[in-house]
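Chemist: In case you want the letters, here they are:
Protein chains: 2
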Amino acid sequence: MFKLEYVDGNARYGVINAHGISVETPVFVPVATKGVVRTLLPEEAWDAGSRIVIANALHLYMRAFPMVIKHGIHDFMKWKGIILTDSGGFQSIKNFPAKVTDEGVVFTMPDGSREIFTPERSIEIQKSMGSDFAYMLDDCPKYPYGRKRVIKSVKRTIEWARRSQGEGVFAIAQGGVDEELRKKCALEMAEMNFSGYAVGGLSIGEPKEMMHRMVEVSTSLLPEDKPRHLMGVGSPQDIINAVKNGIDIFDSAFPTRNARHGTIYTSKGKINLKRHGIKGDVIDKACDCYTCRNYSLEHLSYLFREKEQLALRLATIHNLRYMNRLMERIREEIRNGGDTDKLKEEFGINKRVK
Amino acid sequence: MFKLEYVDGNARYGVINAHGISVETPVFVPVATKGVVRTLLPEEAWDAGSRIVIANALHLYMRAFPMVIKHGIHDFMKWKGIILTDSGGFQSIKNFPAKVTDEGVVFTMPDGSREIFTPERSIEIQKSMGSDFAYMLDDCPKYPYGRKRVIKSVKRTIEWARRSQGEGVFAIAQGGVDEELRKKCALEMAEMNFSGYAVGGLSIGEPKEMMHRMVEVSTSLLPEDKPRHLMGVGSPQDIINAVKNGIDIFDSAFPTRNARHGTIYTSKGKINLKRHGIKGDVIDKACDCYTCRNYSLEHLSYLFREKEQLALRLATIHNLRYMNRLMERIREEIRNGGDTDKLKEEFGINKRVK
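If you read the protein sequences in the order shown, they are chains X and V. Be aware that the first sequence starts at 1, since it is given in the working numbering, and climbs by one per residue. Be aware that the second sequence starts at 355, since it is given in the working numbering, and climbs by one per residue.
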């Protein structure tokens, strides 16, 4: 299902084959927690260039399981591409009625009954939904954490990994910001039978340099022939850096959430659409998305300031296309042995339009 | 521009020709106050069967005039159909920084400066935007009103009508719920040169029977060969009744606003999508809209309960299609000399799905 085609330093170009389609990596995966890339129809995400989305298995199990099971997750989401499902372990550190114990994730169903996702049951549920890649249940400590908590997380996650491994399953390596624990976790998991490896528990508040160091440490020990996913990352800047450290898959609410808050990303830098006095016809001359083809920057800003919900959708389409174009250029540079750092200039990264 | 083709009792079937298209009447016109049928792209409203939209000239003047003037209102709204513009007189009874005086509508621009729309200036602005039909500035009293206020409104509106008349302009007849004043206003305006006649100042709180009586009184005195527009109406029930009293054009936020609040209209009755426990595959078996073709009722309800913004759009598409299908059937019944009252059963009017 994964074929590594080129390597340039630690950066990799590859292809994932699943659900009848081929997707080049490094790839950006938009978040569809509840089965929807927020504000978009599936065809709008597809037209923006996305081919893989990630949904949350725990959410879908709690709120929509009969429908998902009846139709299968692809029909339910009307997504003709690849679907990843996150186990829900991560949700335990967010505002969610779920808790991680030694047994697994304990949660309360809408009818008030309590259920538990053991590692085995989490995989079973994800497979029964028809997910293309199920993610193992992991124990992600909430940042800031003490070393003891991370030791426990690594021990528990390794134990759960043993009970989750198999075809179509991604491992999730933990280890906090501790190099030794990251190494131990990655090494142990590398020995097991997984279709891919995720690096989890990062981008949750720790300093950026630490995050990138942990990525580097982890990927250096993971199998070369399996795809690596850095979970919850992220910004264009972080993606460029993590690609250099050997990551193939990224998922994040970054472009979609920022779009809904009125921030779009362009080759000239980011733009706050809610600002008064925004003029100009061109949103981003480098972009070919629906929004850029049909709306001026001034018009999009007007729609945002008037609180027209259409604006959220138009901005989401643009930001998603921006991310997908960035990934296209990253892949191109890797294949050509070029320098992905120059993309920071090309994509207006860390710049702001005044 | 308007051709009356059939008359059945007082009900009329006709055709409006403008902006290079022909639109059959009676017709429902969705509201696009700020230039957008809320939550929808223009092509989504078009695909739901709409061919005419109504925008608010005062709003566009205050917030988007340079853009509207530069591109023309059709390019600005990306609307290939007919565009009506309301003058903004009605806004004075709503939450809006505008006030009606003898001179016209006085309002405060975003930069703090005060401006006035006289009757002439209102028409001039609407024409400069490229509106297909401009609506005269009227003085719509806020309900409940005393007879004195309505007398003043009628006097002022007749005087303003004289200064507004011309090709491509719709008169707006006032008169509160007073038969004599309604007659006087309609008669005076019928003598003037307008492309169409609107009945205004109704559906603002007065009892329904009074509204329908006022419509009947007004249309009986308006020129037969000009289209008649009942402003701000409305519900399917009110539309069926007003068609029988000779109305050709309706505009209302009814389907779009209710959709955003989670209420959809079907041949079995209205459905509150936010209700728990909604099951079922079929939203409305009589409907051919995008939403009905692609989503189950249970799924749409799930999206609403999860507060996915996509749900607002899907419900808006459905409700707009429902209204446009209702109008199609109304026109069919008029042409065939049938009974439009039977449509109340066919369209689930005044029923609620349990």
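Check the hints yourself; a few may be wrong.
Said to hold, decoys possible - Straight-line C-alpha distance at most 30 Å; calculated BS3-like pairs for lysine-lysine: (1) V:Lys628 <-> X:Lys268; (2) X:Lys78 <-> V:Lys506; (3) X:Lys307 <-> V:Lys624; (4) V:Lys453 <-> X:Lys34.
Said to hold, decoys possible - Among the chain V residues that face chain X by a calculated CB cut under 10 Å, a handful are: (5) Met355; (6) Ile375; (7) Val377; (8) Arg392; (9) Asn648; (10) Leu657; (11) Glu662.
It is worth saying that the hints were derived from the structure and are not from the lab. Just so it is clear, the structure is predicted and the values come from calculations on it, not from any experiment. Every residue, glycine too, gets a C-beta built ideally from N, C-alpha and C.
Chemist: With reference to the structure, classify each hint as holding or not holding.
Modeler: Each hint, compared with the structure:
no.: 1; hint: V:Lys628 <-> X:Lys268; in the structure: violated (42 Å)
no.: 2; hint: X:Lys78 <-> V:Lys506; in the structure: violated (58 Å)
no.: 3; hint: X:Lys307 <-> V:Lys624; in the structure: holds (27 Å)
no.: 4; hint: V:Lys453 <-> X:Lys34; in the structure: violated (46 Å)
no.: 5; hint: Met355; in the structure: violated (29 Å)
no.: 6; hint: Ile375; in the structure: violated (21 Å)
no.: 7; hint: Val377; in the structure: violated (24 Å)
no.: 8; hint: Arg392; in the structure: holds (7 Å)
no.: 9; hint: Asn648; in the structure: holds (7 Å)
no.: 10; hint: Leu657; in the structure: holds (7 Å)
no.: 11; hint: Glu662; in the structure: holds (5 Å)
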